[in-house]
Amino acid sequence: MPSVRRRQPERILQTALVEHLRLRARDGVLYFAVLNGGSRDVREAANLKRAGVLPGVADLLLFRPGACPHCGNTRLEGFALELKAPGGRPTEAQLAFMARFADAGGHTCIAEGIDEALGALEAWQIIRRGR
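FYI, in numbering that gives the first Met the number 0 the residues of the sequence shown are 0 to 130.
Careful, some of the hints might be misleading.
Cβ-Cβ distance ranges computed for the label pairs, FRET-style [as the list claims (entries may be wrong)]:
1) 48 <-> 94: 18 to 24 Å
2) 128 <-> 9: 34 to 40 Å
3) 54 <-> 127: 45 to 51 Å
4) 124 <-> 43: 37 to 43 Å
5) 64 <-> 15: 21 to 27 Å
6) 43 <-> 112: 29 to 35 Å
7) 69 <-> 92: 28 to 34 Å
8) 91 <-> 124: 28 to 34 Å
9) 95 <-> 128: 17 to 23 Å
No wet-lab data here; the hints were simulated from the structure.
Just so it is clear, the structure is predicted and the values come from calculations on it, not from any experiment.
For glycine and all other residues, C-beta sits at the position ideal for the given N, C-alpha and C.
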């Protein structure tokens with residue numbers, strides 16, 4: 000029987016990344032996981048869809064304080080991070096979500112592995128540099 004690590008490499012990657020966020024997130028950063036995956040029966044899937052679950056939503060949605068370019072008021076800037084284990088590829092639904100998020104003014108990244116994910120979080124100034 001395959002180990003949990005082999006069956007759920009992206010979940011392990013996400014857990015490690017969230018630990019970095021807990022330790023290194025900059026002040027004012029808000030983040031949360033979107034747990035759309037997993038197996039569900041047809042009725043539960045239909046109920047979730049009616050409740051607003053959207054296929055392809057990124058694994059982590061993150062927000063940091065920013066300033067509105069028009070009025071200068073504080074607002075949140077949005078970031079969508081899709082995590083992939085090495086060799087993993089995004090689905091069509093994930094690509095469509097990322098395109099919609101970017102069209103709405105958000106920043107997006109599909110990161111393969113922990114180093115790419117941490118690099119994106121550092122570039123976005125979500126976490127402090129260093130390990």
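* Between residue 64 and residue 15, does the C-beta distance stay in 21 to 27 Å? -> With a Cβ separation near 25 Å, residue 64 and residue 15 satisfy 21 to 27 Å, so the hint holds.
* Asked: For the pair residue 69 and residue 92, does the Cβ-Cβ distance stay inside 28 to 34 Å?
  -> The hint (28 to 34 Å, Cβ to Cβ) holds, given that residue 69 and residue 92 are roughly 33 Å apart.
* So does residue 48 sit 18 to 24 Å from residue 94, Cβ to Cβ? -> holds, 19 Å
* Asked: Is it true that residue 91 and residue 124 lie within 28 to 34 Å of each other by Cβ?
  -> Because 31 Å falls inside the window, the suggested range holds.
* Supplied distance hint 45 to 51 Å, evaluated on CB atoms of residue 54 and residue 127 -> For residue 127 against residue 54, whose Cβ atoms are near 33 Å apart, the range 45 to 51 Å is violated.
* Using the beta carbons of residue 124 and residue 43, state whether their distance is inside 37 to 43 Å or not. => For residue 124 and residue 43 the Cβ distance comes to about 38 Å; the hint holds.
* Within 34 to 40 Å or not, the Cβ separation of residue 128 and residue 9? -> At 25 Å between Cβs, range violated.
* State, for the Cβ atoms of residue 95 and residue 128, whether the hinted interval 17 to 23 Å holds or is violated. => Cβ of residue 95 to Cβ of residue 128: about 32 Å, so the range 17 to 23 Å is violated.
* **Assessment of proposed distance window 29 to 35 Å (beta carbons of residue 43, residue 112)** => holds, 32 Å
The structure shown violates the earlier hints numbered 2, 3 and 9.
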